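Line by line, the protein sequences are chains A and B.
Note that the numbering used here numbers the first sequence so that position 61 is 61, with each residue one more than the last.
Note that the numbering used here numbers the second sequence so that position 57 is 57, with each residue one more than the last.
No lab work stands behind these hints, which were simulated from the structure alone.
No experiment lies behind these values; they were computed from the predicted model shown.
In this text, a Cβ means the ideal position worked out from N, Cα and C, and glycines have one as well.
Please note: incorrect hints may appear among the correct ones.
Calculated pairs, DMTMM-like style, for lysine to aspartate or glutamate (alpha carbon to alpha carbon, straight line, at most 25 angstroms) [as the list claims (entries may be wrong)]:
no. : chain 1 : residue 1 : chain 2 : residue 2
1   : A       : Lys40     : B       : Asp89
2   : A       : Lys40     : B       : Glu1
3   : A       : Lys108    : A       : Glu82
4   : A       : Lys40     : B       : Asp108
5   : B       : Lys43     : A       : Asp71
6   : B       : Lys43     : A       : Asp83
7   : A       : Lys40     : B       : Glu46
8   : B       : Lys43     : A       : Glu106
9   : A       : Lys108    : A       : Glu80
10  : B       : Lys43     : A       : Glu1
11  : B       : Lys76     : B       : Asp62
12  : B       : Lys43     : A       : Glu82
To give a feel for the contact side, a few chain B residues facing chain A, derived at Cβ under 10 angstroms [stated by the list, open to error]:
no. : residue
13  : Phe27
14  : Gln39
15  : Trp47
16  : Ser50
17  : Ile58
18  : Asp62
19  : Phe68
20  : Val93
21  : Ala102
22  : Phe107
23  : Gly111
24  : Gly113
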Amino acid sequence: EIVLTQSPGTLSLSTGQTATLSCRASQSISRNYFAWYQQKPGQAPRLLIYGASSRATGIPDRFSGSGSGTDFTLTISRLETEDFAVYLCQQYGTSPPTFGLGTRVEIK
Amino acid sequence: EVQLVESGGGLVKPGGSLRLSCVGSGFSFSSSGMVWVRQAPGKGLEWVSSLARDSSHIYYADSLKGRFTISRDNAKNSLYLQMDSLRDDDTAVYYCARIPVAGQWYFDLWGRGTLVTVSS
Numbered sequence: 001e002i003v004l005t006q007s008p009g010t011l012s013l014s015t016g017q018t019a020t021l022s023c024r025a026s027q028s029i030s031r032n033y034f035a036w037y038q039q040k041p042g043q044a045p046r047l048l049i050y051g052a053s054s055r056a057t058g059i060p061d062r063f064s065g066s067g068s069g070t071d072f073t074l075t076i077s078r079l080e081t082e083d084f085a086v087y088l089c090q091q092y093g094t095s096p097p098t099f100g101l102g103t104r105v106e107i108k
Numbered sequence: 001e002v003q004l005v006e007s008g009g010g011l012v013k014p015g016g017s018l019r020l021s022c023v024g025s026g027f028s029f030s031s032s033g034m035v036w037v038r039q040a041p042g043k044g045l046e047w048v049s050s051l052a053r054d055s056s057h058i059y060y061a062d063s064l065k066g067r068f069t070i071s072r073d074n075a076k077n078s079l080y081l082q083m084d085s086l087r088d089d090d091t092a093v094y095y096c097a098r099i100p101v102a103g104q105w106y107f108d109l110w111g112r113g114t115l116v117t118v119s120s
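Extracted from the complex, chain B is given alone in its bound form (with noise of 0.2 angstroms):
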């Protein structure tokens, strides 16, 4: 089954630290540019981070402010986001999703998302 699974959210208090993780299955994940992006509560969603296959580009949201790092490990299959000093505003579901097309940013494939919370 083609499928991005997201683990590693959970409440965590401000000025902390987080790492999340996205495990593809059932297409060539190296092949693919991922993407992070989030979804506060009753919100719209938020592009955050994109990786390109090979590591080679990295792009983050100007919001971010150098507090998140998108990684990936394509031998496990794997995308990361390391989210440190967390915020309040941080708190949102947190979705990977696939690129397509190399350069165009729309994403034809969703993790069920993970809950990061920010709170004291």
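This is chain A alone, in the form it adopts within the complex (with noise of 0.2 angstroms):
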């Protein structure tokens, strides 16, 4: 199956700055099937990201995602408040669909 690596492991950040968060597959990504979820203490992931740039249905633009092949980028811009949460990264090109164990965006 594919390994998915995110990195760097926590972001410490402030309000207002902007957050580059990576995510590295062991092995190219078909068709560009690649997404991002958000998840909160307690609660379920919520999609933000789909097809690598995409922007799920009620996701701000300060929202962005990039890359193709292994390498796959989420950026978020101008961090707010509620931003501060743990950032995943999926693979649904190859059977089975994976999970990267997140990046923790966290308030400096």
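Got two chains here, separate frames each, mind docking them using the hints?
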């Protein structure tokens, strides 16, 4: 199965700054079938990005996804208080779908 | 309100069984593929099983080795996961989620999860 490695493990930033999160796959992701989720403690994951760069319904344009092949990036511009959470990447181009372990974005 | 609500979790001894349920509302449940995903304490998300909207296609994680069975009842807007021969490492929060596009296994709607604890 495809292993997803997210970096950094933790990102300490202030509101208003830009967060850049990376996810590297152990093999190329077909058709850019790649997603990002936000998860807060005790809550279910929330879909942010699918197809590597398409925002899900209701997701503000501060969130953007990019990348292809084995390297994908989630960028969060102008961080707001509610953005401090864990972010997970997922590939669904090859079965089984797999997830990264997450990057925690915390308030500096 | 568009939502998924899981139930049926709890404490079970190793070797025991449990049946999880997930009820969908606010959307056309019968038009959506569905999935179970679990998250062990302090660990990442792990895909468990997927089921097509009409139950015509069913998929399981290899690690389950035939112990789990996914099913649905569209008349009741419900998804199920029958878990048998449970082991300690099945302890996790189990989420049901919706597959918005057939054949593309990203998940756009999640329930809040139900905790399954396997312990003697």
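Hints, verified against the model:
1. A:Lys40 x B:Asp89: holds, 23 angstroms
2. A:Lys40 x B:Glu1: With a Cα-Cα distance of about 21 angstroms, the restraint between lysine 40 of chain A and glutamate 1 of chain B holds, given a limit of 25 angstroms.
3. A:Lys108 x A:Glu82: The given pair, whose Cα atoms are some 14 angstroms apart, holds under the 25 angstroms limit.
4. A:Lys40 x B:Asp108: Holds: lysine 40 of chain A and aspartate 108 of chain B sit about 16 angstroms apart, inside 25 angstroms.
5. B:Lys43 x A:Asp71: Holds - the C-alpha atoms of aspartate 71 of chain A and lysine 43 of chain B are around 22 angstroms apart, at most 25 angstroms.
6. B:Lys43 x A:Asp83: holds, 21 angstroms
7. A:Lys40 x B:Glu46: Given pair lysine 40 of chain A, glutamate 46 of chain B holds - Cα atoms ~17 angstroms apart, limit 25 angstroms.
8. B:Lys43 x A:Glu106: Cα-Cα ~19 angstroms, so holds.
9. A:Lys108 x A:Glu80: Between lysine 108 of chain A and glutamate 80 of chain A the Cα gap is close to 12 angstroms, so the pair holds against 25 angstroms.
10. B:Lys43 x A:Glu1: At roughly 17 angstroms apart (the allowed maximum being 25 angstroms), glutamate 1 of chain A and lysine 43 of chain B satisfy the hint.
11. B:Lys76 x B:Asp62: violated, 29 angstroms
12. B:Lys43 x A:Glu82: Given pair lysine 43 of chain B, glutamate 82 of chain A holds - Cα atoms ~23 angstroms apart, limit 25 angstroms.
13. Phe27: Since chain A brings no Cβ nearer than about 12 angstroms to phenylalanine 27 of chain B, farther than 10 angstroms, the hint is violated.
14. Gln39: Given a least distance of 9 angstroms, the restraint on glutamine 39 of chain B holds.
15. Trp47: holds, 5 angstroms
16. Ser50: Result: holds, 8 angstroms to nearest chain A Cβ.
17. Ile58: Hint violated; isoleucine 58 of chain B Cβ to chain A Cβ min 13 angstroms, cut 10 angstroms.
18. Asp62: holds, 8 angstroms
19. Phe68: violated, 14 angstroms
20. Val93: With a closest approach of 9 angstroms, the valine 93 of chain B hint holds.
21. Ala102: The hint is violated - alanine 102 of chain B has no Cβ within 10 angstroms of chain A, the shortest such distance being about 12 angstroms.
22. Phe107: For phenylalanine 107 of chain B, the interface hint holds, since the closest Cβ of chain A sits about 6 angstroms away, which is under 10 angstroms.
23. Gly111: With Cβ-Cβ at 6 angstroms, under 10 angstroms, it holds.
24. Gly113: Holds - the Cβ of glycine 113 of chain B comes within 10 angstroms of chain A, reaching about 6 angstroms at its closest.
Consistency with the previously given hints fails for numbers 11, 13, 17, 19 and 21, ordered from lowest to highest.
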